[in-house]
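A.B. asks: So the protein sequences, as listed, match chains A and B. Counted the way the working numbering counts, the first sequence spans residues 1 to 110. Counted the way the working numbering counts, the second sequence spans residues 1 to 114.
Because the hints were derived from the structure by calculation, they are not lab data. Heads up, the beta-carbon is just placed ideally off N, CA and C, and yes, glycines get one too. Any given hint might turn out to be false.
[What the hints assert, rightly or not] Reference excerpt, derived from the structure (chain A facing chain B, CB under 7 Å, subset only):
1) Lys26
2) Asn30
3) Ser39
4) Gly42
5) Leu43
6) His45
7) Asp92
8) Ala97
9) Phe100
[Stated by the list, open to error] Taking lysine to aspartate or glutamate and the EDC-like style, the derived pairs with C-alpha atoms no more than 20 Å apart in a straight line are:
10) A:Lys26 to A:Glu5
11) A:Lys26 to A:Asp7
12) A:Lys69 to A:Glu53
13) A:Lys102 to B:Glu102
14) B:Lys24 to B:Glu11
15) B:Lys24 to B:Asp63
16) A:Lys56 to B:Glu102
17) A:Lys102 to B:Glu11
18) B:Lys24 to B:Glu83
19) A:Lys26 to B:Glu44
20) B:Lys78 to B:Asp56
21) A:Lys70 to A:Asp83
Here's the letter readout for the chains.
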Amino acid sequence: SQQGEEDPQALSIQEGENATMNCSYKTSINNLQWYRQNSGRGLVHLILIRSNEREKHSGRLRVTLDTSKKSSSLLITASRAADTASYFCATDEAGTALIFGKGTTLSVSS
Amino acid sequence: DAGVIQSPRHEVTEMGQEVTLRCKPISGHNSLFWYRQTMMRGLELLIYFNNNVPIDDSGMPEDRFSAKMPNASFSTLKIQPSEPRDSAVYFCASSLASGSWEQFFGPGTRLTVL
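For reference, chain A alone in the conformation it holds in the complex (with noise of 0.2 Å):
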C-alpha cells in the first residue's frame, strides 16, 4: 500500500525558477522524508523532517510538514538542470519500513 502521494505527477521549470512539489499521506507518521531519483539511478536521500517539526532546511531544499492535513511539501529554490529527476516522499507507519509515493517527475530546462 501507498502512504504518501505526491503531486503534481510532473512539473517542468526553467532554469532559476522555484520547484514545489506536495506530498499527502494518510496515518500519522513519526517523520517524513525526501528522495530524489536521478534517471537509471537508485534514490537518494535528500531530507527528514520529523512529525514535531513544521520547517526544515538544506541548501536549496526548504521542507515543510503540516501534519493536522497530512501534507508536506519540498521547494527547490533558484532551479538548475542538474535537479532534473524523480522526487519522492516516503514515510514510515509506526516503526515499520518506510512506504514511498510515486513520485513528482520534475523537468528543468536551462
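We have chain A already, so just place chain B on it with the hints.
C.D. replies: Same frame as chain A, now just chain B:
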C-alpha cells in the same frame, strides 16, 4: 564505503527461468529492504530484514518470489519461475535500522523477462 552493491545490473531471461538477484548492504547496517519499481505501480516494498531476520514479506507478490539473508553482508531475491510481468527494476536498500532511518539504495537490477 562502496555503498549498497547489487548484481547483476541487467538481466534478460526467458519466461520460466529462475532469476537470482544479489545485494551486499553497507557494512554496519542492520536493516535490508528489497523494492520493485515499475511505471504502473511505482516503488513497492517486497520484503525487509532486521538483523538477517525477515520481518515483513507481505509485499512479496507470489510464492514464486523468495528472499534470503544468510548473513549480515549478503541477501538474495529469487524468482522461480519468472514471468514477463516480473519485468521491473529491483532495488536493494539498507539502513542502520528499520522504521524512521534514512535508507541507502543500490543502483538496481533491471530485469527483463521475455
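A.B. asks: Each hint: holds or not?
C.D. replies: Each hint tested on the structure:
1. Lys26: violated (16 Å)
2. Asn30: It holds, given that the least Cβ distance between Asn30 of chain A and chain B is near 5 Å, below 7 Å.
3. Ser39: It is violated, given that the least Cβ distance between Ser39 of chain A and chain B is near 11 Å, above 7 Å.
4. Gly42: holds (3 Å)
5. Leu43: At 5 Å from the nearest chain B Cβ, Leu43 of chain A passes the 7 Å test, so the hint holds.
6. His45: holds (5 Å)
7. Asp92: Constraint on Asp92 of chain A satisfied, holds at 5 Å.
8. Ala97: At 5 Å from the nearest chain B Cβ, Ala97 of chain A passes the 7 Å test, so the hint holds.
9. Phe100: holds (4 Å)
10. A:Lys26 to A:Glu5: holds (9 Å)
11. A:Lys26 to A:Asp7: holds (15 Å)
12. A:Lys69 to A:Glu53: Roughly 14 Å between the alpha carbons, so the hint for Lys69 of chain A and Glu53 of chain A holds.
13. A:Lys102 to B:Glu102: This hinted pair holds, its Cα atoms lying about 18 Å apart.
14. B:Lys24 to B:Glu11: holds (18 Å)
15. B:Lys24 to B:Asp63: Between Lys24 of chain B and Asp63 of chain B the Cα gap is close to 24 Å, so the pair fails against 20 Å, i.e. violated.
16. A:Lys56 to B:Glu102: holds (16 Å)
17. A:Lys102 to B:Glu11: violated (24 Å)
18. B:Lys24 to B:Glu83: violated (25 Å)
19. A:Lys26 to B:Glu44: holds (17 Å)
20. B:Lys78 to B:Asp56: Distance of about 16 Å is within 20 Å: holds.
21. A:Lys70 to A:Asp83: violated (26 Å)
This entry does not satisfy hints 1, 3, 15, 17, 18 and 21, going by the numbered hints stated previously.
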